[in-house]
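> Put together the whole structure using the sequences plus the hints.
One line per chain: the protein sequences are A and B, in this order.
According to the numbering used here, the stretch in the first sequence is residues 19 to 293, in order.
According to the numbering used here, the stretch in the second sequence is residues 9 to 307, in order.
One thing to keep in mind: the hints can contain errors.
Between beta-carbon pairs, the in silico distance windows are [to be verified]:
| hint | chain 1 | residue 1 | chain 2 | residue 2 | range |
| --- | --- | --- | --- | --- | --- |
| 1 | A | K290 | B | N91 | 56 to 64 Å |
| 2 | A | Q221 | B | A145 | 57 to 65 Å |
| 3 | B | W268 | A | I27 | 51 to 59 Å |
| 4 | A | S248 | B | D285 | 38 to 46 Å |
| 5 | A | I124 | B | N93 | 16 to 24 Å |
If you're looking for bench data, these hints aren't it; they were derived computationally from the structure.
Remember, it's a predicted structure, so these values are computed and weren't measured experimentally.
No residue lacks a Cβ here, since even glycine has one placed at the ideal position from N, Cα and C.
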Amino acid sequence: MSHNKVLGIGLIGAIICMYLTYLNTLLGVQYFSFFGGIAAVFALWWGTDTIKHLCSYGLGTGVPSAGMIALGSGVIAMILATKVNTFGPLVIPVLCVVIAAILGAIIGYVANNIVNMNIPVMVVSIAELCIVGAVTVLGLTAMATGTFVFTDLIAGTATFFGIPVTNYAASYLGGGAIAVVFMLGAIAVQHAFNACLGPNESQDRTLMLAAECGFISMFCVSIMSVAFLSLSAVLVSFLVSLIGWVYTYKKYFVLSKRDAFMWLDAKPIREKEEA
Amino acid sequence: MEELLFGIGISAVAGALATVSGAAEDTESDIGSQGDPNSQVQLAPQMGYIHRIYSKAISGEPPAYGLWCTLGAGLAWALMAINYNPVLAIVLGSAIAVFVQGVYATTAYLGRTASLAKFEQPVYIDLIKSVTTVTMAHAFIAIFTCVSMCFLMVNALGHPFPLPLLGIVWGIALGAAGSATGNPFYGKERQYQSQKFGAGVPISASGNIVRYAEAGQRSSLDNGWFTSKMGGPASGVCFGLIVFLELWRTIFFESFAAGWGAVVAGIVLIIIFMIIDRMVEKWARKTYGPYTEEKEATA
Numbered sequence: 019m020s021h022n023k024v025l026g027i028g029l030i031g032a033i034i035c036m037y038l039t040y041l042n043t044l045l046g047v048q049y050f051s052f053f054g055g056i057a058a059v060f061a062l063w064w065g066t067d068t069i070k071h072l073c074s075y076g077l078g079t080g081v082p083s084a085g086m087i088a089l090g091s092g093v094i095a096m097i098l099a100t101k102v103n104t105f106g107p108l109v110i111p112v113l114c115v116v117i118a119a120i121l122g123a124i125i126g127y128v129a130n131n132i133v134n135m136n137i138p139v140m141v142v143s144i145a146e147l148c149i150v151g152a153v154t155v156l157g158l159t160a161m162a163t164g165t166f167v168f169t170d171l172i173a174g175t176a177t178f179f180g181i182p183v184t185n186y187a188a189s190y191l192g193g194g195a196i197a198v199v200f201m202l203g204a205i206a207v208q209h210a211f212n213a214c215l216g217p218n219e220s221q222d223r224t225l226m227l228a229a230e231c232g233f234i235s236m237f238c239v240s241i242m243s244v245a246f247l248s249l250s251a252v253l254v255s256f257l258v259s260l261i262g263w264v265y266t267y268k269k270y271f272v273l274s275k276r277d278a279f280m281w282l283d284a285k286p287i288r289e290k291e292e293a
Numbered sequence: 009m010e011e012l013l014f015g016i017g018i019s020a021v022a023g024a025l026a027t028v029s030g031a032a033e034d035t036e037s038d039i040g041s042q043g044d045p046n047s048q049v050q051l052a053p054q055m056g057y058i059h060r061i062y063s064k065a066i067s068g069e070p071p072a073y074g075l076w077c078t079l080g081a082g083l084a085w086a087l088m089a090i091n092y093n094p095v096l097a098i099v100l101g102s103a104i105a106v107f108v109q110g111v112y113a114t115t116a117y118l119g120r121t122a123s124l125a126k127f128e129q130p131v132y133i134d135l136i137k138s139v140t141t142v143t144m145a146h147a148f149i150a151i152f153t154c155v156s157m158c159f160l161m162v163n164a165l166g167h168p169f170p171l172p173l174l175g176i177v178w179g180i181a182l183g184a185a186g187s188a189t190g191n192p193f194y195g196k197e198r199q200y201q202s203q204k205f206g207a208g209v210p211i212s213a214s215g216n217i218v219r220y221a222e223a224g225q226r227s228s229l230d231n232g233w234f235t236s237k238m239g240g241p242a243s244g245v246c247f248g249l250i251v252f253l254e255l256w257r258t259i260f261f262e263s264f265a266a267g268w269g270a271v272v273a274g275i276v277l278i279i280i281f282m283i284i285d286r287m288v289e290k291w292a293r294k295t296y297g298p299y300t301e302e303k304e305a306t307a
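So this is what it looks like as structure tokens:
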């Protein structure tokens, strides 16, 4: 699959899923939060291919750093996008992509021309990674809290003796829950390519692992969302991520078995003939 | 005075938890060959040395432990938000974080090994069954103690950061301490114990890691036994000292000069440690001779 096709599917899929979480607000329920996680899976799937594209220029140990810069810049773009409320909440996902693209292009320019890394695809790749990071954080945030509006992210309620009290420290941003989403995304976006690195790397296996990393991140966020959502909404998210994870994990084992030289169980070292 | 004593007591408990955490972390990463030793495990099949050693490449140790500890802390925080008992919340949070660690470990081993098919390295599926669970057990101890330590800092010492944010800070510090202190012991010594002592790792010996044990073939599980003797405790002492001294200087000197006393004490501590490091290095160079002569002798 060409990189542009992966980019197209990832970007469009992620944005559509982001908008589907808005059904929560329209219908006044919380069941559609899991679409945020699906958006993150699309973004991570696309980001893995971007990292592969960027790291084909000989960045072996730079793979984990690419994940860090993606989420590090993405989280800034995401928070800024949720804060802008002059155009209404429906603009936020698109605005998030636009801000991330601009920010990523600036960081890519600095890395390529001022730090002099001189990699031809640097500016475009960092811009893509920044969008991936921003959409991943936005998606998992929407999944954890059911919303992507800044004012809702800083409002939390804690219960004292059965009485709900507004408390900033119990909110998504104030409680530092975004740190979990940040780390989940940063490891998930780089893990697939980092793990499948090697002469026999194949795209379908790497991308299957990318989806698996996305679903396991969703799984964690679904459990964390007990702090913000009703139990039934949490259960829907949990089941969706569990089904997605089991499917992709099994599929990844099958693909690894296909690509492996041999698949041995409790066998001794098989020395090479000439060695 | 009582407040000070309480603070020092909590610092000591946090330091003790950190020591256990550091020791478990290094043992876990050596069993899984994560971090520094991983490059040689990875290289060995390419040089024709097929092996049965686990290869767990989940980025470096600091980001990986950053994730496990943040995840443990974040899930514990979320469970405490719905009024779970803190002990139960931390145990459950750490258990789910360890589950994620195990999943990442299996996919990393499968991915790297399957991608080496060209060099005829088979996937040993029994390794996944036997080694992953052992790394998970060690990781659970590391994560649980680290998150408990962060919980003490927030609730007993009144640290202004929320629990998940402390998880990210101390998780990365934990991974860095284990990676820098204990790993070279495995990566530079144990993998090359068949080479002449002190020879370093010449390029011709790259990838020629020890693959056979006293009896049979070396399993990554043996590394747990080996690391728990020296590399693990050394990492534990390193991380324990970092945590204890960090809290100790804050509690003792924060009242001086509107908080700047703690900053100055921190700088003084760093300078003292730099002097100690320099003295140890000079002693080692004097006792074991200059590096250059060794190189000429082997070449």
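> Hint by hint, note whether the structure agrees.
Okay, the hints, checked on the actual structure:
1. A:K290 with B:N91: 56 to 64 Å: About 60 Å separates the Cβ atoms of K290 (chain A) and N91 (chain B), which means 56 to 64 Å holds.
2. A:Q221 with B:A145: 57 to 65 Å: 35 Å, violated
3. B:W268 with A:I27: 51 to 59 Å: 54 Å, holds
4. A:S248 with B:D285: 38 to 46 Å: 55 Å, violated
5. A:I124 with B:N93: 16 to 24 Å: About 47 Å separates the Cβ atoms of I124 (chain A) and N93 (chain B), which means 16 to 24 Å is violated.
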